[in-house]
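Peer 1: In case you want the letters, here they are:
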Amino acid sequence: MPKVSVDFWTWMGKDLGGNARSSSEMRSILEIVVEDGTTARMLLDRLAQDYRPVAEKVFQREKQRLYPHVVAILNDRVIREIDLYDAVLNEGDRITILPQYVGG
Amino acid sequence: MNGPHGYAGKILRVDLSSGRRWSEDLDERTAKKWVGGVGLGVKYLYEEVPPGVEWSDPENRLIWASGPLAGSGVFGAATFNVATKGPVTNLGGSSQANGFFGAYLKSAGYDGMVFQGASPTPVCLVIRDGATEIRDVRHLTGKDVWEVETLLRQELGAKGRDVSIFAIGPAGENGVRYSAIVGDSGHLAAHNGVGAVMGSKNLKAVVAYKGSHTFGVFDPEALKKANRELYEVARVAGPPLAKWGTGGGFSSVYGAGALPVRNLTTNLYPNHERMNGQFIRTHFEVEPKPCHKCPVSHVVEVTVTEGPYCGFVGEEPEYECLAAWGPMIGNEEAGATVMLTKEADRLGLDCNEASWTIGWAIECFEKGVFTTHDTDGIELSWGNVEGVRELLNRIAKRQGYLGNLLADGVMRASRQVGGAAADWAVYTYKGNTPRTHDHRGRWCELFDTCVSNTSNIESTFGGVKPELVDLPAVTDPFSHEEVSTLNAKFNGIRQFDDCLGICRLASPDPKLILKCLNAVTGWDWSLQDAFTVGRRVVNQLRVFNFRHGMKAEDERPSTRYGSIPVDGPAQGKNIMEKWAWMLENYYRLMGWHPATGKPLPQTLEKLDLGELIKDL
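Taken in sequence, the protein lines are chains A and B. Numbering-wise (the working numbering), the first sequence opens with residue 1 and increments by one. Numbering-wise (the working numbering), the second sequence opens with residue 1001 and increments by one.
Bear in mind the hints are in silico, worked out from the structure with no lab data behind them. If you're wondering where the values come from, they're calculated on a predicted model, not measured in any experiment. Warning: the hint list may mix true and false statements.
[As the list claims (entries may be wrong)] Example chain B residues on the side facing chain A (calculated, C-beta under 8 Å, incomplete): (1) 1251; (2) 1256; (3) 1271; (4) 1273; (5) 1278; (6) 1467.
Backbone N, C-alpha and C define an ideal beta-carbon position, used for all residues, glycine too.
Make the full structure from the sequences, and use the hints.
Peer 2: Rendered as structure tokens:
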């Protein structure tokens, strides 16, 4: 079964409990072993089920999609939302969740 | 109280050639058509600056205007807009600054000011409760903006927040094309060389006293309620702005492939977490410096507490300055960005254009196009922050070969140098540079920057949060169709915001802003009304620009700006593949001619701009 990681750059701090590595308050990294054939959408749904902050800030379970104000990156490449959801996860895959930004 | 609800009801006119000052009434009809800020700016610009007037001619106008929400009690609402024909594009444009000035101007009895002519000697305008004075400030020649503010305060006996002062530095005096107007200890109206226009008029500074003039608010209770809602939205929006500043988004920009690194030669900047807002606020000492009545208070002063610039005190670099003086010049030392931000501000330079220009110059040095002979001894290599500091000073004074060359901005400098180096410069063919992002990873903003009439972004925040104005989010940020379509549909609301005298960071929800506007003015405007005003601004400015020489073929990025990223999250994405198609799609949706980009007569009629048709 593949081991993948989800790197939340969404200021969740310690909200993900002891399961996440946090290099800073901005980043929380979860490493998870998933069933063969798991898609990114299935994983995000599972995380939203397990962690309330993910459901509140990242993935809308009822709509089965990301909130409009977050962007997902797969293996350091920007990817279309629709392609992300259907991507079957492989060993070492990394999903990065970014908040949208304005600049200033 | 003189004017309509929300307005002081007067526009101050200043002829700097003769020293004459007078005021004009601002009636409700004009207020409803143009609202304020950029709206009033483009009204005066169009009516009073005919084709043939160049940016540095005394006949050019410099229009500073606040808006109906400035000073109304809406949180952080003290913004003013500067509109003029500027030297970067040699076309019309606008730029905004926050701080206190917009609110103080209204409390002094004016919604806006129109400067014309040119003074024979350097002067400063002082406004106090409706009275105005033009002071001889020859002794301030050559002083930087911080010195000007300090000296004027001493001379006027002003204390604390008695006054708001905006000034130009040496860059504006010396006609550096990307000079800014800087005030209130680190706020800037920076785009399209508004400071150079001020310098061409020999206007060194403007001082507004906090006055006693009041204006009517139609429904104070409704305003209070809407304002409270607005604060709640601002408080929880995005990366916590109050906690981390706009630099809190720095790493997100990197993660999305939109951080400008070494003049776009790469997208890799692995130490980004040692340059972001979180690093600065957890490593350096921080003191809040909020704008007028702003509880969000993201603006802070920092004292660097580690590294080679330990002990240096300056305003915290906003995201754009972090990007400009960090990755763009190959610097990884956060303290150095504080130093360079203060240096550029002090001299009165726009950090965006300055960093694209210097980034290009460094690449030229690294590749042997420039030598130490050209740089008068500066080893202009990536990350040489002291070299960059020296170069900023030379640019501001147009000193030496390189200082003078770079003072005209990167488009003109690169064309003068020519050869392969001409292809390394980042700009649009209208002449302006982007904000300090790598837009090749942020297509909405790249496209917006190229088709804009304001000399900077006009339509979007880079496509952020279209759902706030009932538009669908882009599902593919690299879709030529989605990007050009969203930008056209989005266009209007941003320019409407810039009419109001508000800070967009403190007021991020357009519908709540409308609630505030209706409460202040007694109008009953919908989102559609807001879009109409914004599109009126865009179209009037566009007709102005066509009359002043803009060409549709200039609505495109330079070779490097439109190139394909070689690495990073946006690697391989090619916006130029369908550029012509994007333009045509956008023009059609904007109601412009699909080939020439000129507004169609029916579009102008619909926006109550029928009188402009004959000018095209």
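Peer 1: Which of the numbered hints above does this structure break?
Peer 2: 3
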